[in-house]
Amino acid sequence: MNLQFIKYFVALAETQNFTQASDKVHVVQSTFSTGIKKLEEHLGCQLFFRDRRNVSLTKEGEILLPKAKSMLSIWNSMETEFAHETIKELNIGVLNTLDFDTIVPKMKAFKELHSGCKVNLIEGDHEYLSSKLQRNELDGYFSKAIPEEEQLEHCVVSEDKLMIGVPDTHPLAMKDKVELNALHKISFIKRCNCSLFKEVSSAFEEKQIEPDYVFTANGDDTALALVASGIGVSLLPKPRKENVGVKFLPITDANFKRKITFVWKKGNHSKALMNFRSA
1 MNLQFIKYFV ALAETQNFTQ ASDKVHVVQS TFSTGIKKLE EHLGCQLFFR DRRNVSLTKE
61 GEILLPKAKS MLSIWNSMET EFAHETIKEL NIGVLNTLDF DTIVPKMKAF KELHSGCKVN
121 LIEGDHEYLS SKLQRNELDG YFSKAIPEEE QLEHCVVSED KLMIGVPDTH PLAMKDKVEL
181 NALHKISFIK RCNCSLFKEV SSAFEEKQIE PDYVFTANGD DTALALVASG IGVSLLPKPR
241 KENVGVKFLP ITDANFKRKI TFVWKKGNHS KALMNFRSA
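Just so you know, the UniProt record's numbering puts 89 at position 89 of the sequence shown, and the rest follows in order with no gaps.
Some clues are possibly wrong.
In silico EDC-like links for lysine to aspartate or glutamate, alpha-carbon gap of 20 Å or less [stated by the list, open to error]:
| # | residue 1 | residue 2 |
| --- | --- | --- |
| 1 | K198 | D212 |
| 2 | K118 | E89 |
| 3 | K106 | E153 |
Calculated directly from the structure, the hints in this document are not laboratory data. Remember, it's a predicted structure, so these values are computed and weren't measured experimentally.
Can you make the complete structure from the sequences, with help from the hints?
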């Protein structure tokens, strides 16, 4: 049954005039009359008494009217809710080694544009977030890597250049910029989970640079804290917040750029997700 015919029925019941009713629903009278006739044929009963001057409801029409109004009310409510996303909810994963400050601008922009959409943040490692996405328990997640799986899509949220972070009491802190070989034989905090680990290791090997690996850190925050304590230096993106005790030096002969990506399943056309991606 066509919902449009229900709208015709209610309009005619309220106006009791074919011309006024067809104008109310913005269709020509011939289309309107055909719609009423098809509704009556579908229900197998006459809904209106008709004469040259008057249109009135039959007993069947009187029974249908409150039900028809209820149907239209429910439909209008659904359209309004989905149009304004008041019942929408997103489950967004965040890699637990990610500097949260890198994604705060996107989160803030989305909430300012779509305050009615609830966002649940779930932290975890890459394997955990990937498996939850595959089980449709996440709408997407923030990562430091570009996905290789064909069924996944991504967009780049930010791109950060790695710099050499040194304690402000370190001899290198006297410099404004350095070459990569400044790390040779120096106390160094290795980032084994960094998405650029292989690229950095290859550059060290090519330039015959052998840092003195004194610590291995899992995330940016841990590495930054170790640098600030004076234990060693590390390759890090410069944080968006000021960090006391650490100076960041640009590298003149290397260009390590780390991408922060947002990953989702191909074919997910959720309006809320599309709004989140475009925020």
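Hint by hint, where does the structure go against what was stated? Just the numbers, ascending.
Those not satisfied: there are none.
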